[in-house]
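**Student:** Given chain A, work out where chains U and G should sit, using these hints.
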Amino acid sequence: MERQLYGYQCPKCGHINYPYRMRCRKCKETEYKDFTLVALPGKGRLLTFTTVYNLPSDYLVATLGLGIVELSNGVRVMGQLRIPKPKTGMEVEGRIEVVRRTEYEAHYGMVFYTA
Amino acid sequence: MREVYAIGLGITSFTRLEYPVAEIAAYAGMMALRDAGIREVDHLYVANMGACRLNHQSGLASAVVDSLSLTPAGAETIENGPASGASALKQGFMAVASGLHDVVMVIGAERMREVNNLEATDFVATLTHPLSEHIYGVTLPAMAGLFTRLYMEKYGVTERHLAMVAVKNHAHAMDNFFAHLHEPITLAGILDSPEALTNNPYIADPLRFYDACPVSDGGACIILASQEVARKQGKPLVRLAGVGQATDTHAVHEREEPTDLLAVRRAAEQAFRMAGVTPQDVHVAELHDAFTILEIVESEEVGFFPKGQGHLALERGETRLGGRLPINPSGGLKAKGHPVGATGVGQAHEIVLQLRGEAGNRQVKDARVGFTCNFGGFGNNVVCLTFVRED
Amino acid sequence: MAVDLERILRPVDTPMPSFPPKFMTLAGGEEMVIRQVEREEIPDILPHVEKLVHVERDFYDIVAARVYAELLGYHCHRVQDEYVLVAQIDGELAAVVNGRRMNADQGMSYHTLSLRRGLRVGAHAFAAKMEYHMDILGQKEVFIVAESPIGFRRWMIEYKLEKRFEVAHELGGCPSWSLTRGLFEAARHDLVVGRRPVPEHLLAKAKAAILKPSDPPRPPEDLLAATRSQNDPTGTALMLHAWALEGRK
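Residue numbers (the working numbering), protein chains in the order written: chain A, 1 to 115; chain U, 1001 to 1391; chain G, 2001 to 2249.
So here's chain A without its partners, still in its complex pose:
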């Protein structure tokens, strides 16, 4: 099954809201049931990144790369990075993969690789 991250576009002002919210952040007029689903692209530019060493208890790895990416349609997302030597401004490509496993479920989100 192909998994997809969605943005919520306001039909009135065109702003793409991500993550989900109850009212459009820009014009505050459109409500949640009137948003149009917009599949978020995978390609984008890495705005900032960090390597985390002290991780939450669900993660039994030594380090985790995290970053904020500006996707090609202007929407900014957070994601995990599987990039050995990240640089701000570099082109990256995201895929939907498992990003967190709790006792009961696997959570899916964006994982970015070098484009």
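Keep in mind that the hints were calculated from the coordinates and are not lab data. Do not rely on the hints blindly, as some may be mistaken.
[Said to hold, decoys possible] List time: in silico DSS-like cross-link candidates among lysine-lysine, alpha-carbon distance up to 30 Å:
hint : chain 1 : residue 1 : chain 2 : residue 2
1    : G       : LYS2160   : A       : LYS85
2    : A       : LYS43     : A       : LYS85
3    : A       : LYS43     : U       : LYS1154
4    : G       : LYS2051   : G       : LYS2212
5    : A       : LYS28     : A       : LYS12
6    : A       : LYS43     : A       : LYS33
7    : A       : LYS43     : A       : LYS26
8    : U       : LYS1365   : U       : LYS1235
9    : A       : LYS85     : U       : LYS1154
10   : A       : LYS26     : A       : LYS12
11   : U       : LYS1365   : U       : LYS1232
12   : U       : LYS1307   : A       : LYS26
13   : G       : LYS2212   : A       : LYS85
14   : G       : LYS2205   : G       : LYS2051
15   : A       : LYS43     : A       : LYS12
16   : U       : LYS1307   : U       : LYS1154
17   : U       : LYS1154   : A       : LYS87
18   : G       : LYS2163   : A       : LYS87
19   : A       : LYS87     : U       : LYS1307
20   : A       : LYS33     : A       : LYS85
21   : A       : LYS26     : U       : LYS1154
[What the hints assert, rightly or not] Label-pair distances were calculated between CB atoms; the ranges are:
hint : chain 1 : residue 1 : chain 2 : residue 2 : range
22   : A       : TYR104    : U       : GLN1280   : 52 to 58 Å
23   : U       : CYS1052   : G       : PRO2043   : 47 to 53 Å
24   : U       : THR1259   : A       : PRO11     : 30 to 36 Å
25   : A       : HIS15     : G       : GLU2185   : 49 to 55 Å
26   : U       : PRO1194   : A       : GLU91     : 33 to 39 Å
27   : U       : GLY1317   : G       : HIS2201   : 32 to 38 Å
28   : A       : PRO84     : G       : LYS2207   : 44 to 50 Å
29   : U       : GLN1280   : G       : LYS2207   : 55 to 61 Å
Please read all numbers here as calculations on a predicted model, not as lab measurements. Glycine included, every Cβ here is placed at the ideal spot set by N, Cα and C.
**Tutor:** Chains U and G in isolation, oriented as in the chain A frame:
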């Protein structure tokens, strides 16, 4: 609106406390009652973030009001993440200013070390956005790391500047009996020596171990009262003259300008305007330095220094005790400690102490206008307070 | 005869190169010396370790009890090929680490006991121990286990230790983890810190005597909640006392 004064102060050591959280809160309250010379209050606010999750204690304020034998006074617990303390002070301010109550006790308390460090990190990470941040395993240090990298690239802040904030605040805390860390550190030890990487490893690069505050337990209390009560008391008149609060997007990646802390800017503007003072009038400030980068950024956003130049003022020594505008004379969150719910009240406690002239070796000379900034979440809910000495 | 019995009971130690002492600057600017100690100095260390047996938190009690036993075992010639390193700050005991040479290629890490609050001392001491096995003894791997979750996170996860669960560790037979030469080389620039040789005056101070630690972990004041209110480690009672001395109300 009536004028509101701080008439009583109480604080516990910020450290590892092996007491129930309600007792930690009550201790601070008791000290404040003694300091104010009173035995009853009209209402109690307790600021706390984690009692339900970490300490299995819900309805904390109800437990504390009884522990202090202040019943039947009303009591509420206020939760606003790490800004709970200042939020509770804001509620207390509104209660007295509106005329609803004459004497209100505001306690901030937290017992984070009942659980181990991993659980404490998980707990603080619950502040993040559940769908677009939390699932990625982000922690607050990780947020700060992302932010710091942007700030370094845009304004030229370096690891040395961050280390200077830590060294300064640790030095300040040596004169603060209640501070968590009495640990003088040096730039050589944490940055320059060949062993600095082991002494001061990266936790979320570019942030390092000594750039993040410790996990602490503690409580602080301020009793607020009307002018009539304050005048009768005969202590120095310190007025809570301005409160300001602002919010911003929950998800950090949705902020307008990633290097701006707009909520800080707006909350500070409100607090200054209400008090009728400007940032240039402030003599002493307690800014929320959960991460050393935040002290630098907040000092710019509240208006002490132009945007992007806070680290230069730090270099010039302006923000240490003895400088033009001492910031965090108590040691700040970095060295004094950060029991999340108590911090806002702890900051105000220090400012009132300074304005009263009772801060001992860390007294800022002739301090008459003081300011605190309590940062909730990662900049999405900020409360600022301005205090003024009247007599 | 006692001498013959002792000859049977006492294991024959393999000659092992000694650890060249080194020193490092800590976060507060003070200098710490890490050096190897011989059997004669063990009685000087034991009383400081004994106090920690009574600190019932953070696994101090079990680690201190085991270290005490291991140090005594070393002192009384009842453990084969054991080594003990100490870390000292201004002569004061800051950490004790120990382990054993199993054979030419494999080492068995015992414990890391930190007597000075501030975790980094433990990190330096653990790293020195690994350096001893790898660089000084020239071994290929060291088997490690951890009593506490903090230890687990610091060593197993941070250094990405290999699982060698088929090897029963000498500490309670638990499944072992291994620091291999490959992992050690990869982490070398992080692990092998500190400088040599140690300046004369520092080494002389460290060798002169092992002094009592000034701020070791302590047992909590009172374990019983009901009576605890009589003591007051919150600090506020001390503040009132200090105020009284200053003449404040």
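**Student:** Can you list which hints this structure breaks, lowest number first?
**Tutor:** Result: hints 13, 18 and 20 break, sorted rising.
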